[in-house]
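**Q** In the order they appear, the protein sequences are chains A and B. What the first sequence shows, in my numbering, is residues 361 to 756, in sequence order. What the second sequence shows, in my numbering, is residues 28 to 412, in sequence order.
Treat the hints loosely; a few may be bogus.
Said to hold, decoys possible - With the Cβ distance kept under 8 Å, some of the chain B side facing chain A (calculated, not the full set):
no., residue
1, Y199
2, L216
3, I217
4, L256
5, M276
6, D279
7, V286
8, D303
9, I304
10, L308
11, A310
12, G311
13, G337
14, D341
15, G368
Unchecked claim - These stretches of chain B come out as covered by chain A in the derived footprint (C-beta under 8 Å, 3 or more residues):
no., region
16, 174-183
17, 201-213
18, 323-331
What the hints contain is simulated information worked out from the structure, not anything from laboratory work. Glycine included, every Cβ here is placed at the ideal spot set by N, Cα and C.
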Amino acid sequence: MATSRALLSLSRSLQPGWGGRLGSAVKVSGAAASSRRDKSTHTGQIIPPPARYGGRHTVTLIPGDGIGPELLNHVRELFRFSCVPVDFEVVNVNSSLTNEDDINNAITAIRRNGVALKGNIETNHTLPPSHKSRNNLLRTGLDLYANVMHCQSLPGVQTRHKNIDIIIIRENTEGEYSSLEHESVPGVVESLKIITRNNSLRIADYAFRLAREKGRRRVTAVHKANIMKLADGLFLQCCKEVASGYPDITFDSMIVDNTTMQLVSKPHQFDVMVMPNLYGNVVSNVCAGLVGGPGLVPGANLGSDYAVFETATRNTGKSIAGRNIANPTAMLLASCLMLDHLKLHAYASMIRSSIFTTMNETQLHTADIGGQGTTSEVVQSIMRNIQSGGPLTTEL
Amino acid sequence: MAGNAWRSTILKLLERYGAWITGQRKPEEVSRVMGAVKSQTQPRTFSRGMQTVTIIPGDGIGPEISSAVIKIFEAAKVPIQWEERNVTAIKGPGGKWMIPPEAKESMDKSKIGLKGPLKTPIAAGHPSMNLLLRKTFDLYANVRPCVSIEGYKTPYTDVDLVTIRENTEGEYSGIEHVIVDGVVQSIKLITEDASRRIAEYAFEYARNNQRASVTAVHKANIMRMSDGLFLRKCREVAENFKDVKFTEMYLDTVCLNMVQDPTKFDVLVMPNLYGDILSDLCAGLIGGLGVTPSGNIGANGVAIFESVHGTAPDIAGKDMANPTALLLSAVMMLRHMGLHGHAKKIETACFDTIRDKKVLTKDLGGNSKCSEFTAEICRRVQDME
Numbered sequence: 361m362a363t364s365r366a367l368l369s370l371s372r373s374l375q376p377g378w379g380g381r382l383g384s385a386v387k388v389s390g391a392a393a394s395s396r397r398d399k400s401t402h403t404g405q406i407i408p409p410p411a412r413y414g415g416r417h418t419v420t421l422i423p424g425d426g427i428g429p430e431l432l433n434h435v436r437e438l439f440r441f442s443c444v445p446v447d448f449e450v451v452n453v454n455s456s457l458t459n460e461d462d463i464n465n466a467i468t469a470i471r472r473n474g475v476a477l478k479g480n481i482e483t484n485h486t487l488p489p490s491h492k493s494r495n496n497l498l499r500t501g502l503d504l505y506a507n508v509m510h511c512q513s514l515p516g517v518q519t520r521h522k523n524i525d526i527i528i529i530r531e532n533t534e535g536e537y538s539s540l541e542h543e544s545v546p547g548v549v550e551s552l553k554i555i556t557r558n559n560s561l562r563i564a565d566y567a568f569r570l571a572r573e574k575g576r577r578r579v580t581a582v583h584k585a586n587i588m589k590l591a592d593g594l595f596l597q598c599c600k601e602v603a604s605g606y607p608d609i610t611f612d613s614m615i616v617d618n619t620t621m622q623l624v625s626k627p628h629q630f631d632v633m634v635m636p637n638l639y640g641n642v643v644s645n646v647c648a649g650l651v652g653g654p655g656l657v658p659g660a661n662l663g664s665d666y667a668v669f670e671t672a673t674r675n676t677g678k679s680i681a682g683r684n685i686a687n688p689t690a691m692l693l694a695s696c697l698m699l700d701h702l703k704l705h706a707y708a709s710m711i712r713s714s715i716f717t718t719m720n721e722t723q724l725h726t727a728d729i730g731g732q733g734t735t736s737e738v739v740q741s742i743m744r745n746i747q748s749g750g751p752l753t754t755e756l
Numbered sequence: 028m029a030g031n032a033w034r035s036t037i038l039k040l041l042e043r044y045g046a047w048i049t050g051q052r053k054p055e056e057v058s059r060v061m062g063a064v065k066s067q068t069q070p071r072t073f074s075r076g077m078q079t080v081t082i083i084p085g086d087g088i089g090p091e092i093s094s095a096v097i098k099i100f101e102a103a104k105v106p107i108q109w110e111e112r113n114v115t116a117i118k119g120p121g122g123k124w125m126i127p128p129e130a131k132e133s134m135d136k137s138k139i140g141l142k143g144p145l146k147t148p149i150a151a152g153h154p155s156m157n158l159l160l161r162k163t164f165d166l167y168a169n170v171r172p173c174v175s176i177e178g179y180k181t182p183y184t185d186v187d188l189v190t191i192r193e194n195t196e197g198e199y200s201g202i203e204h205v206i207v208d209g210v211v212q213s214i215k216l217i218t219e220d221a222s223r224r225i226a227e228y229a230f231e232y233a234r235n236n237q238r239a240s241v242t243a244v245h246k247a248n249i250m251r252m253s254d255g256l257f258l259r260k261c262r263e264v265a266e267n268f269k270d271v272k273f274t275e276m277y278l279d280t281v282c283l284n285m286v287q288d289p290t291k292f293d294v295l296v297m298p299n300l301y302g303d304i305l306s307d308l309c310a311g312l313i314g315g316l317g318v319t320p321s322g323n324i325g326a327n328g329v330a331i332f333e334s335v336h337g338t339a340p341d342i343a344g345k346d347m348a349n350p351t352a353l354l355l356s357a358v359m360m361l362r363h364m365g366l367h368g369h370a371k372k373i374e375t376a377c378f379d380t381i382r383d384k385k386v387l388t389k390d391l392g393g394n395s396k397c398s399e400f401t402a403e404i405c406r407r408v409q410d411m412e
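Bound conformation, chain A alone (with noise of 0.2 Å):
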């Protein structure tokens, strides 16, 4: 009887999310360490952290190298003057040190707080091919699987397609960027390109269930299975399986030459785009192309306990630092990317809707897009359409 009583309070003590007191040492023992976090969403998304100190939620903010810095003390700027109840840990990482400190205190910052908002990070060709991308290092310590980018045409941005509505998930850890190479012989290079039934299931089964959330009627996988029949075979069939759990959305599949073709000449085809490492690569870059460049479209690195927000082309933007004139408006847009993920929608609408009310204003547009605004001026406009908009903000 009293073992019993006590296997039960010890069984209902030991179950996650109940009570606070044993809260902590579920997520310190490794094993159990995910339960809380997999509490998620149908679509996989997780819960944000508990916002900790008086209601505010604390960012990692990695500024990284080029127009990063600029465009993110923007970012602070704005959500300075919003009165948005998000902090932000600033974490540098110097892209020319060839140790792996900087990175592995990044990854530590973002597991702490969950989720992150960064800038792209150079990588130096100068140095030894042991050095790693830091960029890819973030992805794949964190495992976050999946690279969501929706390119959507903005009204008032001139492009030779207009309406473009494509979500392109891409898988984000494996495939060509598994950075496993070697020289065999001197003068002959192997490199690996890696893909796993575990990764690639994870991968389509996230772009069937976001592709029913968003009420998506198709999604096409993209690859190359005619040439590279074991891996981007393997790739296709997982998302072969996949598409049998989901009936009411059409599935199909396209070669990678004839995808980009098909997107320079007719891209309203295209609904939701699955697809592995490298042809996500080329695909986002394409489109992004199409709906009016880099500094238009945000992008969003998803994995199952932490998500990191960045510009989806991930352009360093060397040429143009420092000068004023850079777009922030991907930047801008991947913030409130960040805010509806931490479940502050009122402030991600508000400042979503001012930065398209300020694209409207073609004397605003930056040089990327064809204007001659500077970075600054666009920030002011913002700043002064949320203000116009009507809730609390500080002093201009």
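Position chain B relative to chain A; hints supplied.
**A** What follows is chain B alone, placed relative to chain A:
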């Protein structure tokens, strides 16, 4: 040392240090083979003023468009005699699939080939014909010039670039293994020799065709060693070609900029996979595979020019096909052979016909037959005499 001994010593030294110029190749021959040459050098197979070209009609619409091209060449009085061959794979001695020996012999003799679309067999047991041809003649460079066609409207005007793609190794090496159940690895192979060869071809092409710059496309931030090697070789070769500007750009930046402003690019050189994607992207910019020419350059001076579209079995035999792609590839071939006058005449006739918009095939937006389109081009060519 006596003259011959001196020469053979140098040749041995060159071979030892891995120079790919082997045997009896003389420098002048090498530079002539590399891309079209402006000067009036006499072409190699020269008998009674006629050059022999092996033509491979192919399947589906292949025979129709090949005969269209032959007709137009006749009207333009091009000094070419055609040798028609079939390349359906046969099983050779030892069980290895190979192309028929007559085809190989003809190509080896004439060194220039024109190929129509080939059907890819699904369950025939042998690899694709294109792959076999590539292996047989070591076709290491795939060249695709993409020029906007006036009269065939696309959202992109003023495209004028050339993609040069390494065609033998890279991601398409075909080496794949299942490591454990559920984990597959595919090997991307980059070698020094192949990278150097393609870089040298790219710069030669740029020099011979008066192109201002060569851009190497890579992803060396991620694939540090493999694309790093490719990039290093390109940089080394660029040192010998100071008259051509050399830049390097990431693959994603190229894609981004290509879609926004294709006029920024001139000659692009890249490994296999990126080349596949980018060359099709550029073809899409000018209107698709139905109007894009393509050439494959091989070792030993072999060059095969082809149309890259499919066999279109649904319109085969109905006189509806568009011969533009094969025709423009044939024009590329004429330039390669040094027959610039004829090349210009035929190209102008073709572009004028498309610009006029009176006689266009269905895929170009008209409703004329293939034979009518061909006749119109022949008429224009004859008028130009």
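**Q** If a hint holds in the structure, say so; if it doesn't, say that too.
**A** Hint check:
1. The criterion of a C-beta within 8 Å of any C-beta in chain A is met by Y199 of chain B, whose closest approach is roughly 5 Å, and the hint holds.
2. The interface hint given for L216 of chain B holds, since its Cβ lies 6 Å from the closest Cβ of chain A, which is under the 8 Å cut-off.
3. Annotation: I217 of chain B was flagged as interfacial toward chain A, and the flag holds, the nearest CB pair being 5 Å apart, inside 8 Å.
4. Look at L256 of chain B: its Cβ gets to within about 5 Å of chain A, closer than 8 Å, so that hint holds up.
5. Interface hint at M276 of chain B: violated, since its Cβ lies 12 Å from the closest Cβ of chain A, which is beyond the 8 Å cut-off.
6. With 8 Å as the threshold, the beta carbon of D279 of chain B comes within range of chain A, its nearest partner Cβ sitting at about 4 Å, so the hint holds.
7. Below 8 Å, beta-carbon pairs count as interface contacts, and V286 of chain B has one with chain A at about 3 Å; its hint therefore holds.
8. For D303 of chain B, the suggested interface contact is upheld, since its CB lies about 5 Å from the closest CB of chain A, less than 8 Å.
9. For I304 of chain B, the interface hint holds, the least distance from its beta-carbon to any beta-carbon of chain A being 5 Å, beneath 8 Å.
10. Among the interface hints, the one on L308 of chain B holds; its C-beta lies about 4 Å from the nearest C-beta in chain A, closer than the 8 Å criterion.
11. A hinted interface residue such as A310 of chain B counts as satisfied when its beta carbon comes closer than 8 Å to some beta carbon of chain A; here the least separation is about 6 Å, so the hint holds.
12. Because the beta carbon of G311 of chain B sits about 3 Å from the nearest beta carbon in chain A, less than 8 Å, this interface hint is met.
13. Hint status for G337 of chain B: violated, given a least beta-carbon distance of 11 Å to chain A, over 8 Å.
14. The criterion of a C-beta within 8 Å of any C-beta in chain A is not met by D341 of chain B, whose closest approach is roughly 17 Å, and the hint is violated.
15. A distance limit of 8 Å between C-beta atoms decides the matter here; for G368 of chain B the minimum to chain A is near 34 Å, and the interface restraint is violated.
16. Only when three residues or more bring their CB closer than 8 Å to a CB of chain A does the claim for the region 174-183 of chain B stand; here the count is 3, and the claim holds.
17. For the region 201-213 of chain B, the stated coverage by chain A is satisfied: 10 residues place a CB nearer than 8 Å to a CB of that chain, which reaches the threshold of 3.
18. Closer than 8 Å: that is the beta-carbon criterion, and the region 323-331 of chain B has 0 residues meeting it against chain A, so the requirement of 3 is violated.
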